[in-house]
Every structure is written in structure tokens, then in C-alpha cells.
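Starting from the two chains in their separate frames, assemble the complex, guided by the hints.
Protein chains in written order, with our numbering: chain A, 1 to 188; chain B, 1 to 396.
Hints are computed from structural coordinates only; laboratory data are not their basis.
All residues carry an ideal CB built from backbone N, CA and C; glycine is no exception.
Misleading hints may appear alongside valid ones.
FRET-style restraints, in silico, Cβ to Cβ [said to hold, decoys possible]:
1. Asp196/B - Gln2/A: 51 to 59 Å
2. Arg43/A - Phe206/B: 50 to 58 Å
3. Ala84/A - Thr334/B: 33 to 41 Å
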Amino acid sequence: MQEILILGRGGQGAQTAGNLLARAFFAEGKFVQTFATYGGARRGTPVSASLRVSARPIRLRSNISRANALLCFDDSLLDRNFLALAARDAVVLVNSAAPPERFARLAQVMDGGRILPLDGRAIARRNEMGKVVNSALIGGLAAVLQAPDLEGLASVIKATAPARTAENIAACREAYGLVRAEMAEVAA
Amino acid sequence: MKDMPGTDAPRGALRLMSGNHAVAEGARLARPEVTPVYPITPQTPILEKLTELQSAGEFVTEMLTPESEHSVMATAMTASLSGARVFTATSSQGLMLMHELLHYAAGARATIVMFNVNRTPASPWGFWPDQLDSLSQRDTGWVQLYSESPQDSLDLVIQAFRLAERVRLPVMISHDAFYVSHAVEPVDVPAQDLVDGFLPPFEAEFRLDPDIGRSIGAPVDQATWNQSRRDMAEAMGRVIAEFTRFGAQWGRLTGRVHAPLQLYRTEDAEIVFVTLGSLAGTARVAVDMLRRAGMRAGLVKLCLFRPLPAEALRSALDGVPVALVLDRNYSVGTGGVLHQELKSALHGTANATRVHGLLTGVGGVDVPVEQLVDLAQEFRERVPENGPIWIDGHGR
Numbered sequence: 001m002q003e004i005l006i007l008g009r010g011g012q013g014a015q016t017a018g019n020l021l022a023r024a025f026f027a028e029g030k031f032v033q034t035f036a037t038y039g040g041a042r043r044g045t046p047v048s049a050s051l052r053v054s055a056r057p058i059r060l061r062s063n064i065s066r067a068n069a070l071l072c073f074d075d076s077l078l079d080r081n082f083l084a085l086a087a088r089d090a091v092v093l094v095n096s097a098a099p100p101e102r103f104a105r106l107a108q109v110m111d112g113g114r115i116l117p118l119d120g121r122a123i124a125r126r127n128e129m130g131k132v133v134n135s136a137l138i139g140g141l142a143a144v145l146q147a148p149d150l151e152g153l154a155s156v157i158k159a160t161a162p163a164r165t166a167e168n169i170a171a172c173r174e175a176y177g178l179v180r181a182e183m184a185e186v187a188a
Numbered sequence: 001m002k003d004m005p006g007t008d009a010p011r012g013a014l015r016l017m018s019g020n021h022a023v024a025e026g027a028r029l030a031r032p033e034v035t036p037v038y039p040i041t042p043q044t045p046i047l048e049k050l051t052e053l054q055s056a057g058e059f060v061t062e063m064l065t066p067e068s069e070h071s072v073m074a075t076a077m078t079a080s081l082s083g084a085r086v087f088t089a090t091s092s093q094g095l096m097l098m099h100e101l102l103h104y105a106a107g108a109r110a111t112i113v114m115f116n117v118n119r120t121p122a123s124p125w126g127f128w129p130d131q132l133d134s135l136s137q138r139d140t141g142w143v144q145l146y147s148e149s150p151q152d153s154l155d156l157v158i159q160a161f162r163l164a165e166r167v168r169l170p171v172m173i174s175h176d177a178f179y180v181s182h183a184v185e186p187v188d189v190p191a192q193d194l195v196d197g198f199l200p201p202f203e204a205e206f207r208l209d210p211d212i213g214r215s216i217g218a219p220v221d222q223a224t225w226n227q228s229r230r231d232m233a234e235a236m237g238r239v240i241a242e243f244t245r246f247g248a249q250w251g252r253l254t255g256r257v258h259a260p261l262q263l264y265r266t267e268d269a270e271i272v273f274v275t276l277g278s279l280a281g282t283a284r285v286a287v288d289m290l291r292r293a294g295m296r297a298g299l300v301k302l303c304l305f306r307p308l309p310a311e312a313l314r315s316a317l318d319g320v321p322v323a324l325v326l327d328r329n330y331s332v333g334t335g336g337v338l339h340q341e342l343k344s345a346l347h348g349t350a351n352a353t354r355v356h357g358l359l360t361g362v363g364g365v366d367v368p369v370e371q372l373v374d375l376a377q378e379f380r381e382r383v384p385e386n387g388p389i390w391i392d393g394h395g396r
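Excised from the complex, chain B in its bound form (with noise of 0.2 Å):
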């Protein structure tokens, strides 16, 4: 599972680095205090990589091991919440582990940045890429973002910080394991000044200290926990205009621009993929196929998907007449969440979309362009069904 040595090469600004080694540099930039980490196959890389900085005195951290993911939630949020900026990385059955700490790090407004790397919850057991994992802590009250490639990873963790910070709540960013952990490619490594000229210190709003004195998540009655919930939503409701901020303003000094929805030619489309994570680079090349065969293909990625940027999906989708959701996720009993969550976004609207239910890629098979090619030639005159059609990938 390690990453081989020898990867490592400059070219210019670019360097040559796998996912995972993308994140753990996206996060020696942030320069987090406290880093507490338990390792998981497919996220070990990350943390080997940050024990490698940490040795060599380019990352200065107080690192954590603590002998579970449980034990990990429980050491960020507490670090957090004394003031300390907080990076932790995990996976899967390490994520669900800390679940019941997630609603409890929302709740206390910890200001975590997680990164996660989506892989097949058990059982059976297995290591492949499925967003399962991440996307059903959806109603933990994490924002969630999710990465297209090792470039976006080490962006994002960047941006999750300046993030949580503002709205004051914790971040988890995804990338698919394997597809995206795994591959190795040209990354960007912005420069330090760079990004602390984007990045300024944390300074905690609230904060434990025995000089202060102060407790955080005391027995509450009905009503204030009603409140709490209800700020958390404020809070929420601040992420997508401040996203979309934070993201141009790292496009202008980087010349990625990030963004809640990535669009691409969506202007004329008459059917449109709509999807998060990886698959969206493969849907990338099926939009060029299919527009040089003369079908009006675009692709509307979700970059951020807690909140559930609706607004900008109702107007992406505005006089759309297709629209086909990749999932490559299960819910067991409804469908993909995607297609759930893109459903209930439309509901109600004068939006006449079509939206196709389509489960490709879950439990990690593979997703090969020409199937999204045919999907789309095979899709555009259907009408839709209410629930979830299987597709099959290659390895099934």
C-alpha cells in the first residue's frame, strides 16, 4: 500500500505525487497545530507522508496517535476547541468509527479539517472506491467537499481551513481511494508565502483555557439545543457565498478557480452528467466524445456537497432536458444519494429535467468513458424512473 519512493521529481512548479502525498503537502501548508491520525488502508500514505515532513522539520505539528478514530474525533475536538487548528485524515470504517463524535465536533463548532478517503464500508470487506462512507454522514452537520484529482485535493484542504474558520464548522473533504489516492501525477505545490498570505493564524472566537474558564457542550435544555441546530443552519447557510469567495480568490492567485458547482459546457446542453469525486474527470472526456458526435453533452460537478448548493443546481439545470446522476454510492432501499439529494433540490420547480438515477462505479467497478458515452446515447429519449437503475461496470 505504500507509495514508491522515487515519485517525487520537480518539474518547474509541478511535482510528480500521488493523491494522498498531495494532501498531506496541502496540509504541511496549512500549518495545523495539533495533527492527530490513525492509519487506514487507503489513507496511510497521508499519514506516512506527514510523519516524513514532521521528521525532517518541515512540518511542525504536535502529531497524535491514539489508539482508535474514536479516540482520534475526540483529540481534534478538544484541541480545536482550545484554539488549536486541527488536521486529522482517515477512511471508511476508521470514519464511521468517529461517527458518533462527528454530530458532537459539529455541534461544539469545532473547526476540524478532515480528509477522507472514500472506500467500501464492510462488510464484505474491501478497498475500492464508494462514497458510501462519506456521504452517509451527511446529517452529521460537517461540510462536505469532494476532489476530482490529486490537484484539487491539496487545493481544497487549503481552502476547508479558511472555511471552517469563518463559518465556524468542521470540514471533511473526500477523494476516491485508488482513482485518485493512488495515482500518481503532476501536482502544483503553491508556495508557503502563498498560501499563508490566503490562509491568515487561527484565532479562536471561543476557546477552552483554565485562564478563561469556560465549558463547551454542558447539558442544555430543549430549547437551547433547538437554538444550537438552528445556528449550525445560519451557519450553513454562509458556506456556499463564502465558498465561492474563498475559491475565486484562490483561482486568482493560483489560476484554479474552486467553486460549489464545476460546470462544464453546460450553456447549450441538451443532457448533462451530474456527479462528485473522480468520475467527474472521466465525465469530462465522454462530454468532449459525445459533442464531437454531435450530442450537446455537459457536466455539472458538485464540488461542495453539505450544504447542498440546490440554488445553483436548480439554475444549472434550468432548460436542461437530461440530466443523468452518476453514483457511485448505494443507499440501500432508496439509491444513490446524489440522485436523491438532486430529486429533492428540483422538487416543486418549474424545472422539467429528466433526471436518470444511474448507479455506475459502486463498490469501486470500473467506469470506462464508452459507457458514459453509451449511457448518454441510451438515456436521452427514456423517461425516467422514480428509483435507482444498476449499471453494469467492467470487473462485474
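Next up, chain A with everything else stripped away, as it sits in the complex (with noise of 0.2 Å):
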């Protein structure tokens, strides 16, 4: 079974992210569980979505206390309490213009794994999507998970998107480039 967290602030779509990658991954024959911070949550303030992927039916209903991958949809929000619920070497995505250095030191809470920014304004300012990142970083944590396919996952977003469907699309497929590049060459 995988443990996906994300981590954003209301409005930026971290739930929606979670819906989208769990419908993806369903529609690949995979049993999910997501769900959403719920109660005070309202725009601006912290909001985090989780999700469970598994070949079979998932029976747990708790937290996610060792996420196997992570994704932060605002770099303000990383700090050691959301790194805290990292299993051992996972993978933390970040939507961030800073380099990899800057967050070396953050890093060392972790029991191995990285920590690694993506700039998903940029992506979604060359993609016309204005502030609109959630396309980007599910197509870079679809990168980094190696799943759900990405065709897969521009179906769903072709299915959902309210508005700018090709552009949502240019977005999610330009993040999971980038960040597949990036792991190639950490991996090399």
C-alpha cells in the first residue's frame, strides 16, 4: 500500500489533488482511500488531503503517519512537523522557485529520502493558468510515484477540469518532464 500526504493552503486545490490522483489511480484498477482536512479549513489556512492506493481493499481508517510520498503546495507550509509524517526515504515535492540547497538542511529530519522543489508557478504562468498549480504538482508527484500513468491522469484531468482543460493538460504532462529529468539524473 502507498501513503500519499499533501499539504497546501485552502483554495490552492490540495484536496482536489487528492480526488484527481485517486480517481487516476482507480481508474488503473487500484483500490483508494482519500480524504481531506475538514472542520476549520477555509481559504488561506493549512489544508492537508490523504490517500491511500493499494492492489487490494483498504480496510484502515486512521491518519497517515508514514507517508511514502509528499507533496507541499507552498513552501511557507514545509517545516519538521509535516516532514515528521515522511516513512524512510520518501520523497518530498515542493512547489517552490528555490534550489535544492535551500531545503538541505531541512532535509536532515528526514530518515532518508530528498526534498524536491518544483516551480509550479513558473509552470502554470508559461501554461496561461495564472495562479493555478494543482495540475503541475500532481504531474510532478506522478513523476516521483511513477504512477498513476500520465495518460491516465490527463484523462482525468480532461474529465474534471472546469475550465483551460489543454492547459491543465500542457501543465501536469510539462511537471511530470521536469521532474522525471530530475530523479533520471539523481538516480544517474
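Pasting the structure below:
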């Protein structure tokens, strides 16, 4: 089973990101469970989404405390508390224009793994998406996990995007490509 | 609080949806004629989905939105007594505002089906999963069922109508806020034909009708009031057998058998968890982990809480040395409600099970599977205390 945590600010689309990823994994035949912070969540406050993906039905009904992959929509939210939820060798993808070195010290609290910045804002701008970063960030996360399949994810975006469908898909593909290249470079 | 768009994608018979939307789909399939509802977090997505289905022409019902939950229950009761099938849904403060009329509806033998999303009662204010709201309604005369998952919730709504109309008592089904209400998962939504075959239209035995001329709930003498409770007891007495029968029939139709108690790996168990609601899911995983580590663990899940399946509990625990009751609720001054109920069910029997009452997840604090594994190891040899034991959860 894979466990994924997404952290963002209310209105950025963290909850939607969890739902879109869930839908893409589900379309591949996986069992999924996703839920988002609720209660006091409102625009601008920290919100999180949790996603479990498994080949078998999911029975756990608890929070995720050891995530295989973490996605952070806002680098000002990336702190030790969030990183404490990372499993050993987890990859943390963070929406940030800063270079990877900026996160080197923070990464020391992790048990292996790494923090990978992805400039979602720049990708969104290049694809005429304004400030909407979630299609880029889920593309980046799919590259980190090597799942769900990029074409499947593109179909989910196509089926659900309320506007700018082509731009959303292009942003998703661009982020996927950038992160794939980055991951390959590290591996080499 | 709204469920996000884009989650309702089909895969074969399975569709991706939240627990609350699964409740709405179950209600749609049961074809209630009257649906009075008042919105409250975290029940609101049920109401939203029902109105969406109604405006799309997929849910044919008379939907009413009175000014409070108290009026919702008054509406539900009178509609039910006039012969209509009635569905409603609420949570926490809303359920407790209905309290007076919960007694009234059960005494009038209104066959309402109500879905409750378990949420902490105020104060302090919260939105968190805790079952005190519904468990504290245990003396109102309603049948109470507890769901573990979105799929369970859909299935139980349909079975609840069959049960209510069979024994002429109202039925309340509850699922935990957040972990079930807002968890988006694959759910099998049965075909309308299948549900119609299982659940025939409601034919009220007695009903209010100007053409008939009848009064229900008029003042009575002491002996008649006394008799009304004996009649309700007789109806409650039939619930276990009827639910067992309907649950098995539902199982033949869908592959998902429901029963008052669900037992998981208890045959040779040396220790069992006893719980209800969403904690049962995590407990199943804990049972498997403990078994792999060499401890013969099991799970007894109560799907039916009222009437308490006492005989089945005694039989399930017969020969089991240790039971850990996991209560996601706390009755101040006594302890976990399920702990109290289980002890009373075992009292006076030869059963020597050592029962520990563990307050896990009260107020919605997280209960990770590793914690349940640790608790089984810690309490296996301990001498039980009469009262409850507070367990620190994640987030505390």
C-alpha cells in the first residue's frame, strides 16, 4: 500500500489534487481511499489531503503517519511537523522556486529520502494557468511515484477540469517531464 | 465541507464516492416518498447530493427543509404515520435537538429511517468523529445500526427500511464523521431492480387518513402506556432475527452479508477487540498484524447496537480469555458506553472473559493501527479494572 500526504493552503487545490490522483489510480484498477482536512479549513489556512492506494481493499480508518510521498503546495508550510510524517526514503515534492540546497538542512530531519523543489508557479505561468498550480503538482507527484500513468492522469484532468482543459493537461505534462528528468539525474 | 467534484467516476460496478454520497445513493434506491432534512456539518453532503439527485429527476421524493431538526423529526413522524416511507439525515447537535421527538416517534411506531453522522457534541465545539451523540440516544426506542465504511452505509440504509417497516420501529444508522463520511472510496451501487426486489413498497398497517378517521398518540391511562413499552419490547425482540434474515438475503443479492455481529478471525482467538463503527476497519488490520506476530487475535464488531445482541455477544466471547473494548465515546461518570453494555451482557454468565474498557479515539483523536497492536500486547495479561482506561491518541 502507498500512502501519500498533500499539504496546501485552502483554495490552492490540495483536496482536489487528492481526488484527481485517487480517480486516476482507481481507473487503473487500484483500490483508493482519500480524505481531506475538514472542520476549520477555509481559504488560506493550511489544509491537507490524504490518499491511500492499494491492490487490495483498504480497511484502515486512521490518519497517515508514515507517507511514502509528500506533496507540499507552499514552501512556507514545509516544516519539521510535516516532514515527521514521512516514511523512510520518502520523496517530498515542494512547490518552490528555491534551489534544492535551500532544503538541505530541513531534509536532515528525514530518515533518508529527499526534498525536491518544483516551480509550480512558473509552470502554471508558462501554460497560461495564472496561479493555478495543482495540475502541475499532481503531474510532478506522478513522476515521483511513477504512477498513476500520465495518460490516465491527463484523461482525468480532461474529464474534470472546469476550464482551460488543454492548459491544465500541458502543465501536468511539463511538470511530469521536469521531475522525471530530475529523478533520472539523481539516480545516475 | 463540500465533497469535491470529479470523484464520481465509474469502474465496472464500482463508483468512487464519499461515505456521505453513498448514504444519499442508498436513500435514492430505497425510494422514500418524503425526505425532510436540515443541514449540519458533517452531514451536509448527504443533503446536497439528495437535492442534486432530485433536481436531476433521479430521486423522486417530497423534499422538505424545515427550520430546525426538531421540526424535521415532527415532519418525518407525521409523514410516516400517514403511510409514507420517510428518510432523513442529521448529526450531533441536530440529533440532540430531536431528542424529545425521538422518544415520540418510536412510541408512535413511526417507521422512519434516519442517518446520523457521528460528531462530537458541544461544548467545546468540534466536528470530530465520536459516537456519544447517537449512543446517548440508546433509550429512545430506536433501532441503532453502525456502519464501518461507505459501502456499509449504502447497504445499511436499504436494509434499515426493510427492518423498520417489518418490526414497526424507527431505525437510526450512524457512521463516523471524517473517516467514513468524508472518505472517498470505491462503492458498489446496486441496480434499482435489485433494490426493488429486496425492498417492497411500504404498506402501513395503521395510518392517519381523513377518510379513515384515526388518532395516534392520544392521552392514555397508565396501563396503556405500560403496554406500549411492552409492545415495543416485543418488536425490539424480533429485530435480531429479522436483521439476520435480511442481512443474509442482502448477502445473496450483493455478496455482502450483514448481521447483528460480525466476527473476524475469532474461532481460536485468545484476545478479541470489541468495537463498532470505523474503528473496526483499523482493528481488522491490527488482528492480521498480531496473528503474523504469533498472537491469536480476533475482532467482534457490532453492526447492531440497539437492541444489543447480548446472546450473540455471549456466544462470540465464550471461551475467549481477553476482550478489549474500544470505545470512541465517553459517558462522563461511567465510561465507554460499549464497555458498560458488554459487561452487562456478560454479567451472571459462566463466561470468564477478562473485559478491558479502553477509551480510544474519544473526541476524534487518531487511533493508528500500531497503537491497537501495542494495546493487545499490553493488556493480554493484565487484570481488568472495573472502570475505563484512557488511551492517548495521536493528536493528544
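Structure-based check of all given hints:
At about 40 Å, the beta-carbon gap between Asp196/B and Gln2/A misses the expected band of 51 to 59 Å. Range check, Arg43/A to Phe206/B: Cβ separation about 53 Å, and the 50 to 58 Å hint holds. As the Cβ distance of Ala84/A to Thr334/B is approximately 36 Å, the hint placing it in 33 to 41 Å holds.
Checked against the numbered hints above, the structure violates only hint 1.
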